[in-house]
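Visitor: Here the sequence shown stands for residues 1 to 322, where the numbers follow our numbering.
If you are wondering where the hints come from, they were derived from the structure by calculation, not from laboratory data. As the structure is a prediction and not an experimental result, all values here were calculated from the model. Where a beta carbon is used, it is the ideal one built from N, C-alpha and C, also for glycine. Don't take every hint at face value.
[Said to hold, decoys possible] Pairwise CB distance ranges, derived in the manner of DEER restraints:
(1) Lys116 to Ala250: 51 to 57 angstroms
(2) Ile315 to Arg26: 19 to 25 angstroms
(3) Val25 to Lys303: 22 to 28 angstroms
(4) Gly115 to Thr314: 39 to 45 angstroms
(5) Asp201 to Glu4: 42 to 48 angstroms
(6) Arg89 to Asp68: 29 to 35 angstroms
(7) Val25 to Ala250: 52 to 58 angstroms
(8) Glu63 to Glu277: 27 to 33 angstroms
(9) Arg26 to Glu4: 18 to 24 angstroms
(10) Gly19 to Val312: 15 to 21 angstroms
(11) Leu249 to Thr64: 47 to 53 angstroms
(12) Arg89 to Lys116: 27 to 33 angstroms
[To be verified] For lysine-lysine, the following DSSO-like pairs were computed, each having C-alpha atoms within a straight-line distance of at most 27 angstroms:
(13) Lys108 to Lys30
(14) Lys211 to Lys253
(15) Lys104 to Lys16
(16) Lys16 to Lys91
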Amino acid sequence: MRKEQFTFENQDLYRKICGINDAGVRNLEKQLEIDLIPRGNGFQVEGIPTKVEFALDFFRLLETNYRDRPDRDFTDSFDFGYLLKQATREKKKEERKSDDEPFKPTEKILTTYKGKHLYSRTKNQEKYIQSFLNNLITFGIGPAGTGKTFLSVAMACRFLQNGIVDKIVLTRPAVEAGENLGFLPGDLNQKVDPYLRPVYDALNECIGFEKTQEYIALTKIEIAPVAFMRGRTLSKSFIILDEAQNCTLAQLKMIMTRLGRNSRMCISGDVTQVDLEHGRSGFDRVVNLFRQTEGIGQVFFGKEDITRHPLVETIVRKFEEL
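Based on the provided sequences and hints, a complete structural model is requested.
Guide: If you want it as structure tokens, here you go:
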């Protein structure tokens with residue numbers, strides 16, 4: 001057994017690591033396979049010598065990374081866990097590559113109506129944001145909880161606020177997830193509302209409920225099911241097609257050809273959650289068709305990018321074992 005003392009220079013970082021009722025300490029003990037005893041602004045680290053050495057290196061990495069991060073005020077246990085996964089991968093590789101530098105976001109996505117600054121939280125999320133800036137169409141492919149929908153809405157709000165586009169167009173296929181909802185009452189917006197609830201939630205978090213309703217009234221935000229998009233040309237718009245895995249090949253062709261001048265488009269989906277009959281989804285084929293196409297970016301998210309509750313990553317992994 002080896003015992004070492006590590007003291008953090010930054011008290012805020014130490015408090016964030018410990019979490020509420022030292023929940024963060026218990027999580028780190030499991031992940032690092034050591035014992036951590038809080039001492040002042042640090043820990044007494046006890047365990048197998050190699051594990052203790054790795055833990056000390058990780059704490060030094062945390063301090064350096066925290067000092068350089070523009071989003072340090074909003075970091076939490078997810079960010080620490082993500083860095084730990086990176087550090088573990090680097091250790092297994094035995095040699096460090098430039099692509100394996102500890103992640104820290106480089107660009108603010110948006111300031112929400114509450115004044116919170118939004119930043120990407122993983123390398124793939126950062127690639128996703130850069131793809132919106134560099135391409136006309138961006139595909140986001142990956143499991144639930146990786147931020148595909150939320151980040152696309154945040155970027156759409158940013159483009160709208162900066163005058164790059166005049167409107168946001170939200171669309172998704174009206175396909176129930178294994179249930180038949182039957183007839184839905186109300187006007188078109190009310191009928192589509194249940195399908196676009198995740199997008200509404202993202203809009204409300206970014207620009208607030210009142211501004212969202214105002215933009216809908218002014219048609220700066222337009223909601224329409226995929227079936228209502230035929231025959232239109234969408235210029236100076238940010239088009240978001242969510243749940244694209246539930247679109248047929250014909251529907252995806254129709255949506256992609258709606259792109260007009262000075263517009264951007266995001267097409268996101270999770271190929272493991274297809275609600276169509278087997279073989280009807282065209283998402284996989286379209287993604288493969290447009291690989292390495294100029295003006296079209298593709299970002300593949302993995303389980304390590306899941307930013308919801310840590311249990312969601314475990315759930316996704318378990319279902320993959322079926």
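Visitor: Does the hinted range 15 to 21 angstroms hold for Gly19 and Val312 at CB?
Guide: Between Gly19 and Val312, where Cβ atoms are some 18 angstroms apart, the hint holds.
Visitor: At the C-beta level, are Leu249 and Thr64 separated by a distance inside 47 to 53 angstroms?
Guide: 48 angstroms, holds
Visitor: With a cut-off of 27 angstroms on the C-alpha distance, tell me whether Lys108 and Lys30 pass.
Guide: Roughly 33 angstroms separates the two Cα atoms, so the pair is violated.
Visitor: Need the status of pair Lys211, Lys253: alpha-carbon distance at most 27 angstroms?
Guide: 32 angstroms, violated
Visitor: Looking only at beta-carbon atoms, does the pair Lys116, Ala250 fall within the given range of 51 to 57 angstroms?
Guide: 40 angstroms, violated
Visitor: Honestly, do Val25 and Ala250 meet the 52 to 58 angstroms range at C-beta?
Guide: Holds, at about 54 angstroms.
Visitor: Taking 22 to 28 angstroms as the hint, is the beta-carbon distance of Val25 and Lys303 inside that range?
Guide: Hint holds: Cβ distance 25 angstroms, inside 22 to 28 angstroms.
Visitor: Can you tell me whether the CB distance of Arg89 to Lys116 sits inside 27 to 33 angstroms?
Guide: Cβ of Arg89 to Cβ of Lys116: about 30 angstroms, so the range 27 to 33 angstroms holds.
Visitor: Is the gap between the beta carbons of Arg26 and Glu4 within 18 to 24 angstroms?
Guide: Given range 18 to 24 angstroms: holds, Cβ gap about 19 angstroms.
Visitor: Run the distance test for Lys104 versus Lys16: straight-line Cα separation, threshold 27 angstroms.
Guide: 17 angstroms, holds
Visitor: Just tell me: holds or violated, for the beta carbon distance of Glu63 and Glu277 against 27 to 33 angstroms?
Guide: 53 angstroms, violated
Visitor: Within a Cα-Cα threshold of 27 angstroms, do Lys16 and Lys91 meet the stated pairing?
Guide: Between Lys16 and Lys91 the Cα gap is close to 25 angstroms, so the pair holds against 27 angstroms.
Hint check: violations occur at hints 1, 4, 6, 8, 13, 14; the rest are consistent with the structure.
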